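Asker: One letter stands for each residue in the lines below.
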Amino acid sequence: MTYTGLAVAGVLAGVALDRWVARTRLTSTRAFWAAYGIIVFFQLLTNGWLTGRRIVRYDPDTIIGNGAVRLIGAGRIVYAPVEDLLFGFGLVLTTCVAWVWLGRRQDEHP
Amino acid sequence: MTLPHWSYVAMLVFCLVGTLPLVRVFHLDVLRQPRRLLLTIALAGLPFLGWDLYATHSHQWWFDRAQTLPWRVAGLPLEEIAFFVVIPLVSVLTFEAVRAVPSRGRHDREGDGRRERGPVA
Numbered sequence: 000m001t002y003t004g005l006a007v008a009g010v011l012a013g014v015a016l017d018r019w020v021a022r023t024r025l026t027s028t029r030a031f032w033a034a035y036g037i038i039v040f041f042q043l044l045t046n047g048w049l050t051g052r053r054i055v056r057y058d059p060d061t062i063i064g065n066g067a068v069r070l071i072g073a074g075r076i077v078y079a080p081v082e083d084l085l086f087g088f089g090l091v092l093t094t095c096v097a098w099v100w101l102g103r104r105q106d107e108h109p
Numbered sequence: 000m001t002l003p004h005w006s007y008v009a010m011l012v013f014c015l016v017g018t019l020p021l022v023r024v025f026h027l028d029v030l031r032q033p034r035r036l037l038l039t040i041a042l043a044g045l046p047f048l049g050w051d052l053y054a055t056h057s058h059q060w061w062f063d064r065a066q067t068l069p070w071r072v073a074g075l076p077l078e079e080i081a082f083f084v085v086i087p088l089v090s091v092l093t094f095e096a097v098r099a100v101p102s103r104g105r106h107d108r109e110g111d112g113r114r115e116r117g118p119v120a
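One line per chain: the protein sequences are A and B, in this order. The first sequence begins at 0 in numbering that gives the first Met the number 0 and counts up by one. The second sequence begins at 0 in numbering that gives the first Met the number 0 and counts up by one.
Isolated chain A, as found in the complex:
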């Protein structure tokens, strides 16, 4: 599967985990979205470093963009493929879901 397809699947899996599997419902809380807002700003900076400097490079056949590394446009945001934003969202959401879920279990079974 392409990075684009996998990235969309990653977001859907993260949301499903939050809402129906772990039932943490973080996607309904202000705290999660406020935290994500902060994180995504720094993701754009740090990922811009990784991709703008070509520390990481991508096969153009697997992303929306055509391989050109642009500040914005051609499927890129701050040099990174837009797919990276979806990957990052999935990782951050899954992390917060796991953290909160484990915290609840700890409280229920101390």
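It should be emphasised that the hints constitute simulated quantities derived from the structure, not laboratory data. These figures come from a predicted structure and were not determined experimentally. All C-beta atoms, glycine included, are put in the ideal place defined by N, C-alpha and C. Fair warning: there could be bad hints in the mix.
[What the hints assert, rightly or not] With the Cβ distance kept under 7 Å, some of the chain A side facing chain B (calculated, not the full set):
{"#": "1", "residue": "Ile38"}
{"#": "2", "residue": "Val39"}
{"#": "3", "residue": "Asp58"}
{"#": "4", "residue": "Leu90"}
[As the list claims (entries may be wrong)] Here chain A is said to cover these stretches of chain B; the calculated rule only asks that three of the stretch's residues, wherever they fall, bring their Cβ under 8 Å from a Cβ of chain A:
{"#": "5", "region": "51 to 59"}
{"#": "6", "region": "63 to 73"}
[Unchecked claim] Listing some non-contacts, in silico: residues in chain A with all C-beta distances to chain B over 12 Å:
{"#": "7", "residue": "Ala12"}
{"#": "8", "residue": "Val14"}
{"#": "9", "residue": "Trp19"}
{"#": "10", "residue": "Arg52"}
{"#": "11", "residue": "Thr61"}
{"#": "12", "residue": "Ile71"}
{"#": "13", "residue": "Gly72"}
{"#": "14", "residue": "Ile76"}
{"#": "15", "residue": "Val81"}
Take the given structure of chain A and dock chain B to it, following the hints.
Answerer: Relative to the frame of chain A, chain B by itself:
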């Protein structure tokens, strides 16, 4: 090794330098719960590391040898593996810092099922 080899490491250090002080500023108990933290990193980091291995091995992306350290594990630079420890850690720290902010944090804590910040070690 030359300075450019540390380019990816620099990004990870930046993430940690930016978030670890949150522990002190907001009196977070995240680092005092090592078991919960390690399990979180495992539960969230491992599936995404698996994705990364798949993507790297199927050549969807690759890493510049001139800007990463020479060591590779399963074809990934060490920094890329550390990424899946650092990003979950900084995510938890940011999330807990936001929840520690008065008023807004108190409201959202209800969604956690935790009434107060108990001494969970």
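Asker: Each hint needs a verdict: does it hold in this structure or not?
Answerer: Now the hints, each set against the structure:
no., hint, result
1, Ile38, "holds (6 Å)"
2, Val39, "violated (10 Å)"
3, Asp58, "holds (5 Å)"
4, Leu90, "holds (5 Å)"
5, 51 to 59, "holds (count 3)"
6, 63 to 73, "holds (count 3)"
7, Ala12, "violated (9 Å)"
8, Val14, "holds (14 Å)"
9, Trp19, "holds (16 Å)"
10, Arg52, "violated (6 Å)"
11, Thr61, "violated (4 Å)"
12, Ile71, "holds (20 Å)"
13, Gly72, "holds (20 Å)"
14, Ile76, "holds (16 Å)"
15, Val81, "holds (14 Å)"
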